[in-house]
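Trainee: Protein chains in written order, with our numbering: chain A, 590 to 750; chain B, 590 to 750.
Quick caveat, the hints were computed from the structure, so don't treat them as lab data.
No incorrect hints appear here.
Under 10 angstroms between C-beta atoms, here's a sample of chain A residues computed to sit facing chain B:
hint: 1; residue: V599
hint: 2; residue: R605
hint: 3; residue: V718
hint: 4; residue: D719
Owing to the predicted nature of the structure, the values given are computational and were not obtained by experimental measurement.
Quick reminder that beta carbons are idealized off the backbone N, C-alpha and C, glycines included.
Listed here are the chains, written in short residue letters.
Number of protein chains: 2
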Amino acid sequence: MADEKRFDIVFEGHGRMTGKMRNDISVDFVTMGEHFELATDEGPFHGGDGTAPPPLALFTAALTGCFMTQVRAFSKRLRIPIRNVDVRARLHWQGVQEGSGPYVSEPVGFSLDIELDTDASEEDQTRLVDAARKGCFIEASLAQGVIVGHRLKAGDGWRDV
Amino acid sequence: MADEKRFDIVFEGHGRMTGKMRNDISVDFVTMGEHFELATDEGPFHGGDGTAPPPLALFTAALTGCFMTQVRAFSKRLRIPIRNVDVRARLHWQGVQEGSGPYVSEPVGFSLDIELDTDASEEDQTRLVDAARKGCFIEASLAQGVIVGHRLKAGDGWRDV
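Taking the hints into account, I'd like the entire structure generated from these sequences.
Mentor: This is the structure in structure tokens:
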């Protein structure tokens, strides 16, 4: 396409062990030059001290916030005005353990219930949700599927695993 | 399998608009009865006030923390002791825009570089990383792919979109 534009979004995280189960994670929004300090922990049940939310709480907020941000941004671009958006997310996983080995994780289903305060038609509301879904970087990653690459430090180099 | 055990992990989020681009998101770890208050915002470039990290910063921390937590938990279960784990994550997306329409998101590649401080063999280190990868709920969701369901409030009911 002659008029196709592409832009890159790159985030880098650096995670360090800082408690029984706590991880402190410095996050750089590389392509915008922004920096954030975040952390995860687990509750006492999982051997942590509960000093920060667990990773899946951050994930739930990330997915919810990502979708809502796109609804708001694309509401302006598509000229489908909204007064308010309220989203209820439900994320369901299962862990599957055979014998005493480490468990394996499986997603069961993720859903977003969206309430728009708007005078827009049902058709326009659907168009807005559809654009937000396709524009949300997290939903796009989940929909397409991504195999995360892993490398282990080995001596002075890195080994793919 | 006679000795297969399954357990459920359910998170619910409730996102509300609370600023120009800020969303406040209450997150319940339903199956554990834990509650967390989180927020996302955007920087001034994207019309926000920068009062909280953007959704993708939470996502980067979530993925990094999820993987690290599983490394630490499975280190004990697999009896592969580690003194430290340090992870550098890189997440790369592209936005693709045709004309002046809303852009569409695509994941380009996600990677984790892992440094273990351990006396374990390369084989055991690989085994630990492999278990953590399969046990990490976020990596499993990305690897398998998940289509998020969407419903729009319509009158007193909900409409699938």
